[in-house]
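If you number the sequence shown the way the working numbering does, the last residue is 950 and the count never jumps.
Just to be clear, a hint being listed does not mean it is correct.
Below, a list of computed lysine-lysine pairs in the DSS-like style, where the Cα atoms sit at most 30 Å apart [said to hold, decoys possible]:
#: 1; residue 1: Lys924; residue 2: Lys733
#: 2; residue 1: Lys928; residue 2: Lys885
#: 3; residue 1: Lys878; residue 2: Lys924
#: 4; residue 1: Lys781; residue 2: Lys733
#: 5; residue 1: Lys736; residue 2: Lys926
#: 6; residue 1: Lys878; residue 2: Lys781
#: 7; residue 1: Lys736; residue 2: Lys924
#: 8; residue 1: Lys781; residue 2: Lys736
#: 9; residue 1: Lys880; residue 2: Lys926
#: 10; residue 1: Lys880; residue 2: Lys733
#: 11; residue 1: Lys880; residue 2: Lys736
#: 12; residue 1: Lys924; residue 2: Lys885
#: 13; residue 1: Lys928; residue 2: Lys733
If you anchor each label on the Cβ, the simulated ranges turn out as follows [unchecked claim]:
#: 14; residue 1: Gly914; residue 2: Glu820; range: 20 to 28 Å
#: 15; residue 1: Ser913; residue 2: Asp847; range: 31 to 39 Å
#: 16; residue 1: Leu734; residue 2: Ala823; range: 29 to 37 Å
#: 17; residue 1: Ser913; residue 2: Phe841; range: 34 to 42 Å
#: 18; residue 1: Phe841; residue 2: Lys928; range: 20 to 28 Å
#: 19; residue 1: Gly764; residue 2: Gln857; range: 18 to 26 Å
#: 20; residue 1: Glu858; residue 2: Pro817; range: 16 to 24 Å
Rather than coming from a laboratory, the hints here were simulated on the basis of the structure. For clarity, every value in this text was computed on a predicted model and none was experimentally measured. Cβ atoms here follow ideal geometry from the backbone N, Cα and C, with glycine treated the same way.
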Amino acid sequence: MKLLKADLHIHTEYSIDCNTPLEQIISHCQETGINCIAIADHDTAEGALKMQGIAPFPVIVAEEIMTPYGEIMGMFLQESIPGGLPVDETIARIRAQGGLVCIPHPFDRFRRSALDSEIIQELAVQEQIDVIEVFNSRTPLYRSSAKAKAFAQKYGLPGSAGSDAHTPYEIGNAYVEMPEFSGRDEFLQALAKGKIKGHRTNPLVHINSVLARLKSNLK
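Build out the structure end to end from the sequences listed, making use of the hints.
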C-alpha cells in the first residue's frame with residue numbers, strides 16, 4: 732500500500748500574510764517528498780481550487796475561516812466561505828458543501844486566531860468537530876500539542892498535522908504519513924490510521940508573515 736506524506740495546512744499568495752505562488756509550492760513539495768496537501772488560505776478557497784487544477788498530486792480544498800471567536804478550518808470545500816460569520820453559521824456552511832470541520836492550532840495561547848477553548852469544548856460535546864489539528868509546526872509550546880492530542884483521544888477525533896507554511900521552506904515541517912484515500916469519508920478513515928511526523932518551525936518565520944501582511948495592506 733502506498734503511503735502519502737500529507738501536509739494538511741499550507742498557505743499561498745491568496746492569504747493576506749503569504750507571498751508564495753502556487754507553482755513554487757508544487758516545486759517544493761516535489762523536492763521534499765510531500766505528495767498530498769491541504770491548501771487552507773485565510774477566508775478564501777480560491778487558491779486551493781486553482782491548486783487542485785494544476786498540482787500533480789492530491790490537493791484538499793480547505794480554508795481557515797475567521798469567526799468572532801477564532802478560526803475554523805473547512806476541508807473538502809467547493810467554494811469560499813466568508814469570514815466574520817458566527818461559529819454555528821460557519822459550520823453550517825461547511826456542512827452544506829459536504830465539507831469537514833477541522834480545528835486548527837487549538838489551545839495555542841500565543842495565537843490570537845486560535846478558536847476559543849470553551850467553544851472547542853462545546854463543539855466537541857455537540858459532535859460538531861470532524862478533525863483536530865494535533866501538531867502545527869508554528870505552534871511554539873509542546874503543551875499545546877499535548878493538550879490537542881489528549882483532546883482528540885478523549886473525543887475519538889482523528890488528528891491532523893500541518894506545517895502552516897507561509898513560506899515555501901516550511902512545507903513538510905509537519906505532515907501525516909497516511910494511506911491513500913478517495914474523498915472525504917476515506918480521508919477520515921486514512922487519517923485515523925496516520926502517523927504524525929515533523930518538527931517545530933523556528934519562530935522567526937513569523938516575521939515573513941508580518942512583512943507579507945504589510946505588503947498586502949500597501950497594495
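Looking back at the numbered hints, which does the structure fail to meet, lowest number first? Hints 6, 19 not satisfied by this model.
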